[in-house]
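**Q** Can you make the complete structure from the sequences, with help from the hints?
Number of protein chains: 2
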Amino acid sequence: MAPLYIPTFGDVLAAHERIAPHIHRTPVLTSSYLNALTGAELFFKCENFQKAGAFKARGASNAVFGLTEAQAARGVATHSSGNHGLSLSYAAGRRGIPCTVVMPRTAPQAKKDAVQGYGGRVVECEPSTTSREAVFAEVLKETGAEFVHPYNDPRVIAGQATCSRELLEQVGELDAVVAPIGGGGMISGTCLTLSTLAPGVEIYAAEPRNADDAARSFRAGHIIADDAPETVADGLKVPLKELTWHFVKNYVEDILTAEEDEIVEAMKLTWKRMKIVIEPSCAVPLATILKNRDRFAGKRVGVVITGGNVDLDKLPWM
Amino acid sequence: MAPLYIPTFGDVLAAHERIAPHIHRTPVLTSSYLNALTGAELFFKCENFQKAGAFKARGASNAVFGLTEAQAARGVATHSSGNHGLSLSYAAGRRGIPCTVVMPRTAPQAKKDAVQGYGGRVVECEPSTTSREAVFAEVLKETGAEFVHPYNDPRVIAGQATCSRELLEQVGELDAVVAPIGGGGMISGTCLTLSTLAPGVEIYAAEPRNADDAARSFRAGHIIADDAPETVADGLKVPLKELTWHFVKNYVEDILTAEEDEIVEAMKLTWKRMKIVIEPSCAVPLATILKNRDRFAGKRVGVVITGGNVDLDKLPWM
Chain A
57 MAPLYIPTFG
67 DVLAAHERIA
77 PHIHRTPVLT
87 SSYLNALTGA
97 ELFFKCENFQ
107 KAGAFKARGA
117 SNAVFGLTEA
127 QAARGVATHS
137 SGNHGLSLSY
147 AAGRRGIPCT
157 VVMPRTAPQA
167 KKDAVQGYGG
177 RVVECEPSTT
187 SREAVFAEVL
197 KETGAEFVHP
207 YNDPRVIAGQ
217 ATCSRELLEQ
227 VGELDAVVAP
237 IGGGGMISGT
247 CLTLSTLAPG
257 VEIYAAEPRN
267 ADDAARSFRA
277 GHIIADDAPE
287 TVADGLKVPL
297 KELTWHFVKN
307 YVEDILTAEE
317 DEIVEAMKLT
327 WKRMKIVIEP
337 SCAVPLATIL
347 KNRDRFAGKR
357 VGVVITGGNV
367 DLDKLPWM
Chain B
57 MAPLYIPTFG
67 DVLAAHERIA
77 PHIHRTPVLT
87 SSYLNALTGA
97 ELFFKCENFQ
107 KAGAFKARGA
117 SNAVFGLTEA
127 QAARGVATHS
137 SGNHGLSLSY
147 AAGRRGIPCT
157 VVMPRTAPQA
167 KKDAVQGYGG
177 RVVECEPSTT
187 SREAVFAEVL
197 KETGAEFVHP
207 YNDPRVIAGQ
217 ATCSRELLEQ
227 VGELDAVVAP
237 IGGGGMISGT
247 CLTLSTLAPG
257 VEIYAAEPRN
267 ADDAARSFRA
277 GHIIADDAPE
287 TVADGLKVPL
297 KELTWHFVKN
307 YVEDILTAEE
317 DEIVEAMKLT
327 WKRMKIVIEP
337 SCAVPLATIL
347 KNRDRFAGKR
357 VGVVITGGNV
367 DLDKLPWM
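These protein sequence lines are chains A and B, in that order. Per the numbering used here, the very first residue in the first sequence carries number 57; after that it's consecutive. Per the numbering used here, the very first residue in the second sequence carries number 57; after that it's consecutive.
The hints are simulated quantities; they were obtained by calculation from the structure and are not laboratory data. Think of the CB as a built atom: it goes at the ideal place given N, C-alpha and C, for glycine as much as any other residue.
If you anchor each label on the Cβ, the simulated ranges turn out as follows: (1) Leu93/B <-> Glu229/A: 39 to 49 Å; (2) Ala92/B <-> Glu229/A: 34 to 44 Å; (3) Arg329/A <-> Ala92/B: 24 to 34 Å; (4) Asp369/B <-> Gly95/A: 24 to 34 Å; (5) Glu189/A <-> Gly95/B: 36 to 46 Å; (6) Arg275/B <-> Thr162/A: 53 to 63 Å.
For lysine-lysine, the following DSS-like pairs were computed, each having C-alpha atoms within a straight-line distance of at most 27 Å: (7) Lys293/B <-> Lys328/A; (8) Lys168/A <-> Lys324/B; (9) Lys168/A <-> Lys328/B; (10) Lys197/B <-> Lys168/B; (11) Lys324/A <-> Lys168/B; (12) Lys328/B <-> Lys328/A; (13) Lys370/B <-> Lys370/A; (14) Lys324/A <-> Lys324/B; (15) Lys328/B <-> Lys370/A; (16) Lys370/A <-> Lys167/B; (17) Lys370/B <-> Lys324/A; (18) Lys168/A <-> Lys297/A; (19) Lys167/B <-> Lys324/A; (20) Lys324/A <-> Lys328/B.
**A** Okay, structure coming up:
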């Protein structure tokens with residue numbers, strides 16, 4: 057697979073058909089309270105209800121179910137201590153093929169258990185890039201597995217792109233969509249779909265100010281990667297890569313940022329008012345909408361709730 | 057209104073038409089994980105997404121929008137420190153009429169604020185039945201308001217009954233329905249609807265063992281009321297009354313109970329796996345299904361998630 061193959065909307069249609077039996081068509085929820093508070097009409101696409109608890113099941117399923125029989129027999133592998141590892145393990149389990157996830161030995165036991173719960177194998181590395189790369193190379197050599205990158209992979213982006221296709225089908229015309237940005241997989245998929253189906257929709261990326269490498273990249277005109285930023289939105293720490301940068305650069309209207317306390321406040325507000333369990337990462341869009349009222353008031357705005365995998369014993373307001 | 061008027065399914069149909077503009081047709085969610093765990097096929101009717109955060113908005117709206125103009129002008133009143141007070145305030149606010157809620161002065165400030173947030177007036181009493189009754193009588197005398205009882209009221213029961221009507225429309229045939237029981241308003245509404253539309257469906261009530269007055273009433277054949285039982289499921293402490301006893305006695309298959317730790321475990325499991333915020337009270341059905349596996353395995357079971365109003369700063373596992 058050529059690393060810089062840019063997926064097309066045809067790839068999105070193929071992905072959607074391929075993954076339909078393995079993912080939920082997640083509901084879109086609304087809140088009259090949050091509409092009144094923001095002055096906008098908000099449509100929350102609830103990927104926290106997705107299989108394995110996050111939108112990542114879309115991209116992972118597309119990659120896994122697109123493999124040839126010969127590739128599939130050797131299995132898949134990735135490095136991730138978050139939702140992508142879990143989702144890849146879920147998808148591989150559905151196809152009945154091996155999946156190896158390289159995780160730092162310091163990752164929470166609950167995350168390792170969750171990967172294994174779907175039948176995946178966890179291989180531990182030291183918590184450093186050097187160790188992770190060495191261990192991961194060893195895994196690939198030993199298994200011949202297909203590497204499925206968490207976001208810098210056209211199969212993954214085409215899979216994530218199915219989310220905004222559903223959103224448009226569910227709610228009709230929109231003025232804007234706001235989604236969180238970490239590595240950029242969800243935003244890239246959103247750009248891919250909307251640039252074809254609804255090119256007038258403004259696409260906003262939402263990022264923690266403490267990990268605002270994408271916002272700085274956007275202003276600088278080239279990728280800036282930070283080394284280990286610290287934010288409560290732990291799904292958004294990773295940097296952009298070539299493929300996601302292509303979409304961000306060409307299709308994103310703006311990247312808005314929120315402070316840590318604003319993110320926690322938006323997360324708690326969503327739990328309290330919408331009665332849904334969402335991760336800190338997917339509270340960033342609402343946090344940015346609340347602080348940029350003039351930009352969104354009076355508009356129909358899609359908001360991607362990316363996932364709901366949180367440690368209930370360690371909530372950020374505890 | 058005669059206190060022992062027993063509502064009919066005709067009242068349910070009228071209620072549904074009357075309240076439709078003011079309530080959500082809440083979604084039904086499923087969980088393949090919980091299906092595997094219980095061996096049953098569970099359909100969760102998510103009234104935690106209902107207006108004001110609980111099914112009580114149905115009954116309260118039916119009572120409020122069924123008033124004549126003359127009655128409406130004098131407003132409504134109730135005593136409740138829980139979801140009914142909130143819901144009545146919501147419904148009265150929608151109609152633009154006064155609403156008074158008598159609450160113990162010891163009730164959490166957040167609950168008083170919530171009632172006022174919908175435009176209701178809070179009148180405080182001492183935390184005793186004597187004081188509550190005296191203060192409430194004074195409110196009725198002073199305002200001439202219509203008393204809307206939290207559950208022992210045919211208008212309220214007919215309103216709650218719209219919930220299982222939607223459930224049947226949404227999921228088709230069921231073998232059983234499990235709903236929590238406190239005063240019995242939701243169970244009575246469920247009996248009212250199912251005895252007409254689907255009389256073969258077994259109706260189970262689920263109750264905390266620490267507040268099992270309904271289960272003991274059911275076995276004894278007459279109402280037994282406890283004085284101030286203590287349970288984490290704080291919506292289920294109140295006793296049955298004549299009208300709800302009529303439905304429980306005649307239509308309920310059985311009343312199952314769960315221990316406090318089982319309720320908290322089921323609540324946490326629902327948050328973790330289904331990504332929804334539910335109150336302890338509505339975790340009781342799942343807790344009883346988990347401990348009565350043989351009774352539900354292989355069946356299609358509706359489960360009423362009655363509400364999602366919890367204090368996020370005081371979760372029972374904190």
